[in-house]
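2 protein chains.
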Amino acid sequence: MTDETTHRRSGGRAARQAARAHLHAQSVPFLTRKLAPFEVLDEEGLSLIEENADTILAEVGVEFRGDAEALETLRNAGADVQGERVRFPRGMCRSIVQASAPREFIQHARNPERSVRIGGANTVFAPAYGSPFVRDLDNGRRYASIEDFRNFVKLAYTSPFLHHSGGTVCEPVDLPVNKRHFDMVEAHIRYSDKPFMGSVTAPSRAQDTVDMARIVFGADYMEDHAVLLSLVNASSPLVWDASMLGAARTYALANQATLVTPFILAGAMAPVTVAGASAQTLAEALAGMAFVQLVRPGAPMVFGSFASSISMQSGAPTFGTPEPALVLYVMAALARRLGVPFRSGGSLCASKVPDAQAAYESAATLQPTVLAGVNFVLHAAGWLEGGLTMGYEKFILDADQCGMMGVFVNGVDMSENGQALDAIRANEPGQHFLGSAHTLANFETAFYRSDLADNNSFEQWLEDGSLDAAQRANTVWKKMLAEYQQPALDPGVDEELTAFIARRKAEFPDSDT
Amino acid sequence: MTDETTHRRSGGRAARQAARAHLHAQSVPFLTRKLAPFEVLDEEGLSLIEENADTILAEVGVEFRGDAEALETLRNAGADVQGERVRFPRGMCRSIVQASAPREFIQHARNPERSVRIGGANTVFAPAYGSPFVRDLDNGRRYASIEDFRNFVKLAYTSPFLHHSGGTVCEPVDLPVNKRHFDMVEAHIRYSDKPFMGSVTAPSRAQDTVDMARIVFGADYMEDHAVLLSLVNASSPLVWDASMLGAARTYALANQATLVTPFILAGAMAPVTVAGASAQTLAEALAGMAFVQLVRPGAPMVFGSFASSISMQSGAPTFGTPEPALVLYVMAALARRLGVPFRSGGSLCASKVPDAQAAYESAATLQPTVLAGVNFVLHAAGWLEGGLTMGYEKFILDADQCGMMGVFVNGVDMSENGQALDAIRANEPGQHFLGSAHTLANFETAFYRSDLADNNSFEQWLEDGSLDAAQRANTVWKKMLAEYQQPALDPGVDEELTAFIARRKAEFPDSDT
Numbered sequence: 000m001t002d003e004t005t006h007r008r009s010g011g012r013a014a015r016q017a018a019r020a021h022l023h024a025q026s027v028p029f030l031t032r033k034l035a036p037f038e039v040l041d042e043e044g045l046s047l048i049e050e051n052a053d054t055i056l057a058e059v060g061v062e063f064r065g066d067a068e069a070l071e072t073l074r075n076a077g078a079d080v081q082g083e084r085v086r087f088p089r090g091m092c093r094s095i096v097q098a099s100a101p102r103e104f105i106q107h108a109r110n111p112e113r114s115v116r117i118g119g120a121n122t123v124f125a126p127a128y129g130s131p132f133v134r135d136l137d138n139g140r141r142y143a144s145i146e147d148f149r150n151f152v153k154l155a156y157t158s159p160f161l162h163h164s165g166g167t168v169c170e171p172v173d174l175p176v177n178k179r180h181f182d183m184v185e186a187h188i189r190y191s192d193k194p195f196m197g198s199v200t201a202p203s204r205a206q207d208t209v210d211m212a213r214i215v216f217g218a219d220y221m222e223d224h225a226v227l228l229s230l231v232n233a234s235s236p237l238v239w240d241a242s243m244l245g246a247a248r249t250y251a252l253a254n255q256a257t258l259v260t261p262f263i264l265a266g267a268m269a270p271v272t273v274a275g276a277s278a279q280t281l282a283e284a285l286a287g288m289a290f291v292q293l294v295r296p297g298a299p300m301v302f303g304s305f306a307s308s309i310s311m312q313s314g315a316p317t318f319g320t321p322e323p324a325l326v327l328y329v330m331a332a333l334a335r336r337l338g339v340p341f342r343s344g345g346s347l348c349a350s351k352v353p354d355a356q357a358a359y360e361s362a363a364t365l366q367p368t369v370l371a372g373v374n375f376v377l378h379a380a381g382w383l384e385g386g387l388t389m390g391y392e393k394f395i396l397d398a399d400q401c402g403m404m405g406v407f408v409n410g411v412d413m414s415e416n417g418q419a420l421d422a423i424r425a426n427e428p429g430q431h432f433l434g435s436a437h438t439l440a441n442f443e444t445a446f447y448r449s450d451l452a453d454n455n456s457f458e459q460w461l462e463d464g465s466l467d468a469a470q471r472a473n474t475v476w477k478k479m480l481a482e483y484q485q486p487a488l489d490p491g492v493d494e495e496l497t498a499f500i501a502r503r504k505a506e507f508p509d510s511d512t
Numbered sequence: 000m001t002d003e004t005t006h007r008r009s010g011g012r013a014a015r016q017a018a019r020a021h022l023h024a025q026s027v028p029f030l031t032r033k034l035a036p037f038e039v040l041d042e043e044g045l046s047l048i049e050e051n052a053d054t055i056l057a058e059v060g061v062e063f064r065g066d067a068e069a070l071e072t073l074r075n076a077g078a079d080v081q082g083e084r085v086r087f088p089r090g091m092c093r094s095i096v097q098a099s100a101p102r103e104f105i106q107h108a109r110n111p112e113r114s115v116r117i118g119g120a121n122t123v124f125a126p127a128y129g130s131p132f133v134r135d136l137d138n139g140r141r142y143a144s145i146e147d148f149r150n151f152v153k154l155a156y157t158s159p160f161l162h163h164s165g166g167t168v169c170e171p172v173d174l175p176v177n178k179r180h181f182d183m184v185e186a187h188i189r190y191s192d193k194p195f196m197g198s199v200t201a202p203s204r205a206q207d208t209v210d211m212a213r214i215v216f217g218a219d220y221m222e223d224h225a226v227l228l229s230l231v232n233a234s235s236p237l238v239w240d241a242s243m244l245g246a247a248r249t250y251a252l253a254n255q256a257t258l259v260t261p262f263i264l265a266g267a268m269a270p271v272t273v274a275g276a277s278a279q280t281l282a283e284a285l286a287g288m289a290f291v292q293l294v295r296p297g298a299p300m301v302f303g304s305f306a307s308s309i310s311m312q313s314g315a316p317t318f319g320t321p322e323p324a325l326v327l328y329v330m331a332a333l334a335r336r337l338g339v340p341f342r343s344g345g346s347l348c349a350s351k352v353p354d355a356q357a358a359y360e361s362a363a364t365l366q367p368t369v370l371a372g373v374n375f376v377l378h379a380a381g382w383l384e385g386g387l388t389m390g391y392e393k394f395i396l397d398a399d400q401c402g403m404m405g406v407f408v409n410g411v412d413m414s415e416n417g418q419a420l421d422a423i424r425a426n427e428p429g430q431h432f433l434g435s436a437h438t439l440a441n442f443e444t445a446f447y448r449s450d451l452a453d454n455n456s457f458e459q460w461l462e463d464g465s466l467d468a469a470q471r472a473n474t475v476w477k478k479m480l481a482e483y484q485q486p487a488l489d490p491g492v493d494e495e496l497t498a499f500i501a502r503r504k505a506e507f508p509d510s511d512t
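Note that the protein sequences, when read in sequence, are chains H and S. Each step along the first sequence adds one to the number in numbering that gives the first Met the number 0, with nothing skipped, and position 404 is 403. Each step along the second sequence adds one to the number in numbering that gives the first Met the number 0, with nothing skipped, and position 5 is 4.
Hint data in this document are derived by calculation from the structure and do not stem from the laboratory. Among the clues, some could well be false.
Heads up, the list lumps identical chains together, so a pair's fine if it works in one copy or across two of them.
Calculated cross-link-like contacts (lysine to aspartate or glutamate; reagent style DMTMM-like; alpha-carbon spacing at most 25 Å) [stated by the list, open to error]:
no., residue 1, residue 2
1, Lys-33, Glu-49
2, Lys-33, Glu-50
3, Lys-178, Glu-42
4, Lys-153, Glu-482
Can you build the whole structure from these sequences, using the hints too?
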């Protein structure tokens, strides 16, 4: 045994119980980073990508499909519209965005203590979005149901490290496609008091979301307060389609926020190179954001980038590789230069199970997400299998990492207590600090305390059943659901919401499209 | 299924075989970072920590234990020596180090193509060090043997992503303590041609290492070429002990390199705060480095920092938490200001098995390691259970991550091909890039290609046996060992080395201390 081998002391049952009972001192409604973002390109490189995006917008253009009103809006603003192809004079989109888009905004929650500030030095973590499947250790992989959906809303509500209830935390495929948005939005309102996302699969569903939110927040209040944040994705390369444009328009007209996000797997929807995929992402986002600002100048809006790579052998999407991390850093810098909030990243992976691949890949996205200064992090917890599956254990594992990020972004405490010079002065060489007055004074907040990591001795770990991290996470989510307590909802709101959903569901037949 | 759900295409058998046959285009003898390091403290904060380190050195001092010669050396240089306590006038250690320590140096390998440049913008990955146990999926956890040692030397030699053979890649506990260094050094020389580390557990064993290296490299050559890099650790807080001082002296006199490393679990060997642990680390390292430079001015040397935290509940060491990442960033910045190469980080974890905990924790150290600009990364692959165990599967998983870092540090390619503007111009909106000329031209090098990650469809993954990452890694290391080919060794060297070891082993009886 050599010098770099560390030695363990078994904590004993009491210590472990104390650890479990520990309240998360770090719980905050959102993170505020004290560290400057990491940069991978200099001014010259970033300018070049901006110029290339302008070239793409001017020469190739973007197709706005199936939405004559959008084409009219863009033509009136000075774009060159030929059929559905829209070409933008250099600098036009940037000017439109910079003229009216807010640099940051608050998304209000029905519990004001949970409202989040999106933009600037702030970071908001939201659950993964959009998976048709769920997975847990007990039942394996299966289609998601509304019960799963509610479970993930409850878990995100209970976790001190997720700041947002998210949107389609999984697809409740047991409900009709054309009505499930009522149950999803209802679940966010009823089972959580954190801010949430609305439906985007059709303009009418976006309008239902707005109408439900008005029951909770009031129509007047929503005229100048964002309470919804919804995801509108480009159909990359260089296409915006009718359903997304319609949803974006609906939300913008209601002065509600959207994430305007090119969704790019480089090699498939964009060139394979970092600089190429970045320029195209910027072009698509600029076109989408300009449209939103033309619909309603000043509507809150987030510049989004979802970028990963594909396997050049099989065409399968890959996650956690180095190239998308570089794209993420570049896009975050471009968003700062543009002066709008930025969405990207998350805990992305291709792994089917919450194993070492899942964790490595997720960390390889989540760390750049935080270091790049992303403002809104969709997919921060639960993502498995390229987004096809929402994992119960993965959710718990990821949330723990989000908690660690919350400590990291606070940077180094340079107060007198942080410097601890007196503690070192009072301590003889060779004497440990376990009983030092400084250690005891900082006991509670000294280090991030994971409820999930096993740091015990090998022998203790054996005695505890040789569980791996996923098995421990399995216990955690069950405990969280068992102890879940529903936040109170105003009875009048409750009644009105129930009546609205019943009435709307009765107005048209179920359909699976 | 919603817009952010990714879709898979099964690659088919041929594609998977092609992927396996893929040669790692990224293999280089060491990394050269093109990205500026991430900073967590400004000039003012870093200066304050430097001042505090000077205060510690001047007021508290450092104990140099059991080495009268060291005390004499330090007294002659102007330190205040009282018993074994050595206090340094403010700025003294820094002046000594800056007067003669090289800013960077080459550690020469017996294969010149494998020599590594340590310092500056370069990063070198070396295997984990010092574990008494090994673990693999087939046989679980067990005491390490010389066979395991040789296996890990072979694996590090075979991996394109490890640049260094390391040192005590595991403890061969089947050999007598006082002779196992012969077999360890021999294994590094015989089974690899990458650079390696020497014994530090006693000055005589350091001398044996130097003598064995002289057989390979020649005594004259070693007078002005570093071929050994060895790990000397402080006994924190604020103690340097006799065996480490003796080893450091032996290597310095032979003009061979040392990693001068305070080994700190904050809360036990240092205050619980980042700034406090950092100031103490700097003080200990400065004292050790000044000693080395006094022994032989100009001897190559690396400023080391091994810092993690402990569980305040159980006292157990913890890894991958945010506070040690902050210490790492601070120490790397301090080393740059001092002007010496820096060692820290690795793929550290507390997990007993290569699960999600292991991967998350390892990534939470390895990413800061790379972003901070660490020059020499011990423990880059294999580390489990706080360093008590070297894992075969963990080694493979970590090496893959090291490979990804090799791509990341190259930053963004802003060449015309990188910008890919013509590819975007040539592509219609809505049309994928899979068949684009640009994609085909960049097919081989477009993305980092993991041999380990499973990116296939869920159905393909099921058909392939539902393996997790550790199970796939199990196949990989066995294949690497099965296909291992020993690098040629000059027959004269071989004979002399064998004779030296036999003679030295016969000179004194076996002992287990």
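Now the hints, each set against the structure:
| no. | hint | in the structure |
| --- | --- | --- |
| 1 | Lys-33 x Glu-49 | between (27 Å within a copy, 21 Å between copies) |
| 2 | Lys-33 x Glu-50 | between (31 Å within a copy, 23 Å between copies) |
| 3 | Lys-178 x Glu-42 | neither (48 Å within a copy, 57 Å between copies) |
| 4 | Lys-153 x Glu-482 | within (10 Å within a copy, 51 Å between copies) |
Hint 3 from the list above is the single one not met by this structure.
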